[in-house]
Amino acid sequence: MEETKFETNGVEDFAVREHRSLWIDAWRRLIANRTAMVGLIVVVLFLLSATFAHFFWDYEPKSDLDYGAKLLPPQLIATEEVDVHLFGTDKLGRDIFRRTIHGGWNSLRVGLVAVSISLLIGGILGLLTGFFESIHMNFWESFILMTLLGFALGMLPAWITRQFFQAILFALIGAGSVVFDRYLNGKKKHRLYIFPAVGAILSALSGLMIGPLVALVCGIVGLLIGFFLSKPVGGELFSNIVMRIMDIILSFPSYLLAIAIVAFLGPGLEKGMIAIGVVGIPVYARLARSAVMSVTQKEYVLASHAVGESHSRMLFRHVLPNILSPIIVQATMGLANAILSAAALGFLGLGAIPPEPEWGAMLGDSYKYLSSGAWWAVLFPGLAIMLSVLGFNLLGDGLRDALDPKIRL
Amino acid sequence: MGRYILRRLLSVVPTLIGVTLVIFLFQRLIPGDPAVAMLGEHATEENIARIREQFGLDRPAFLDRDALAEGDLAGFFDSQYSRYFGRLIRFDLGESIHRRIPVADTLRERFPATLELSLLSMFIALLIGIPAGIASASRRNTALDGVTMVGSLIGVSMPIFWLGIMEIMLFSVFLKWLPTGGRLPTGVEIQSITNLLLLDSLLTGNFTGFVAALKHIILPAVALATIPAAIITRMTRSSMLDVLQEDYIRTATAKGLSLKIVLFRHALKNAFLPVITIIGLQAGTLLAGAVLTETIFSWPGIGKWVYDSILGRDYPIVQGVTLLIAIIFLFINLVVDLSYAILDPRISLE
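Residue numbers (this note's numbering), protein chains in the order written: chain A, -11 to 397; chain B, 765 to 1114.
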């Protein structure tokens, strides 16, 4: 064997530039971008005003009423009769400026909670499906997946017969299938008979304790589940199942689904947050999955695979850091979307419950006395929605350019 | 390609079943006793019984294990969901709780109004979005490009219900140029053929009717078109930019073709594929946006109807309309995918 010699001469010349991390580089690109800076400033202003108002500016929406000052146009200087009302007052004489600033807190809350829900659930789903679609599961991962799958499927006969042990039975069959696959090679043809037969017979026998028809149904169900479990489910099938479920959620226009969910749950800001969050899950799942799949093709992941690094280390050290940028961009824009959807829910009377100050609900309220010509009651809450949404969108757009100069949309 | 089309068509079936499942599960989200929630506290026993019957609320949700234990196989499958699904197959969407009219009938009656509004909005969105996107891409990094991009971001960030209210404020309340809502003023009649008023009035040569209908539809249509227009602009631009970097564009420019020919004959055709997908996706946005826009402009379509039904807790209507919109959305995306396969032969080879 010939020995390989590494030559280092000349390399140092390229390393003159000071070391900068990817994030510092991105930050420099971001602040160099004028529109992104506008977005950042708007977002920071929004965050500051909302939090400060919530913690340091008392406001009691329930007792805020002043019929003497109703529907006053914006008043910048205080006079004898009228206080300062920067944005005017609404039909109940409430100061719109104050309510708008306080409404920011609600929008911020909705945005953060909704995006966290979609990001966490969608991100984890996307990470796992994408990873195992490109990289084979090892024994223990396959073991856990099949046991859980067996347990989940076994819930059906367990429910029918009210016998909980059936779920455990099928969990064991799932686990057995993995063990069979790993240690009992050479009999691969047999598993097509063994597992369905075991499932059918055991399930039918325990079903017989209830009645003959139950035994029959359990037998058929057990046969099918056994057949499904007879070969360990690979990452691809797992990913297919998850993505099919995501497709179902995606086949509803997103905020129509949120509206429908809240329509059935009943109005409330918290319910709105959850609905908007759930509706957003598939977006992150798809994004994370495709990002993971492209990263796992990269040489550094293949190399770490080749040297035998554990899957969790590969996932957290190599894959996760490299899919962060598209996710951060999506989350920023997701905040914009969540704020917009929450305002739409509020406008339809499905969000925050009055008199809680919320931008959408304020608009929905002022819309009712539109013909009085009180333009200020309409203009300012809407402007607040638009500006904060625009701020997050501008920032997201700038982040996309800053984090990955190659892509643009 | 035939196999691809077949596979894509078949893939709709499980999704469709999943969609019905989701919509069925909606009614289980209702807190408390659904029958009481639907009718309110003061409902009569008879009405509650009727709702229970109509929704099969006395049956289990999916499967009846007790019936099975008693040896009743048919009873095992007789559940709320199987009944719901069985009705759906017969195009029976249930009936309105309050008015006791079949949901499907009202749907048929109100859908053309929404369709007309959505079609006009899509037309406006394309009319603005595609030229703006092309212009912006062909003059990249100029002032025009900057203005278009910022403008489209503002469009994406626009709460359309606010835009609608501001439109009414300006054009109806202050300027008094246009009506605040509705589809037609009283006294104007348009003979119905397709129930799309603009089309019908043109077909029957009813000019006053056309102008009246146009005056009513223009404000909601513009509000509804804002977001799709902005998104189509961005997509057209980015897709054009991708294509303009291709070698064949450089070849075309190098051999001395004019910018116009390069842009429209060489670039646009290839840049259009991703744009079609976005147009398909925007169709869903339009139908969903109709709930807000129609509410503001008292437009007698399905969106306003859903809003009224949400307020009146008339759940079958909300379920029916959501189902209809999801199915339409699903099929538009199916058509988009299929047209993709026809337009781009590479896809069906995969």
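Derived by calculation from the structure, the hints in this document are not laboratory data. Just so we're clear, the structure is a prediction, and the values are computed from it rather than from any experiment. Built from N, CA and C at the ideal position, the CB exists for glycine as well. Where hints are given, some of them may not hold.
To be verified - Which chain A residues face chain B? A few, computed with CB under 10 Å, are given here:
hint: 1; residue: I12
hint: 2; residue: L33
hint: 3; residue: L96
hint: 4; residue: L100
hint: 5; residue: V101
hint: 6; residue: L204
hint: 7; residue: L244
hint: 8; residue: G254
hint: 9; residue: M302
hint: 10; residue: L303
hint: 11; residue: G361
hint: 12; residue: L378
hint: 13; residue: F380
Verification of the hints:
| no. | hint | in the structure |
| --- | --- | --- |
| 1 | I12 | 26 Å, violated |
| 2 | L33 | 15 Å, violated |
| 3 | L96 | 16 Å, violated |
| 4 | L100 | 18 Å, violated |
| 5 | V101 | 19 Å, violated |
| 6 | L204 | 9 Å, holds |
| 7 | L244 | 4 Å, holds |
| 8 | G254 | 6 Å, holds |
| 9 | M302 | 27 Å, violated |
| 10 | L303 | 28 Å, violated |
| 11 | G361 | 6 Å, holds |
| 12 | L378 | 4 Å, holds |
| 13 | F380 | 8 Å, holds |
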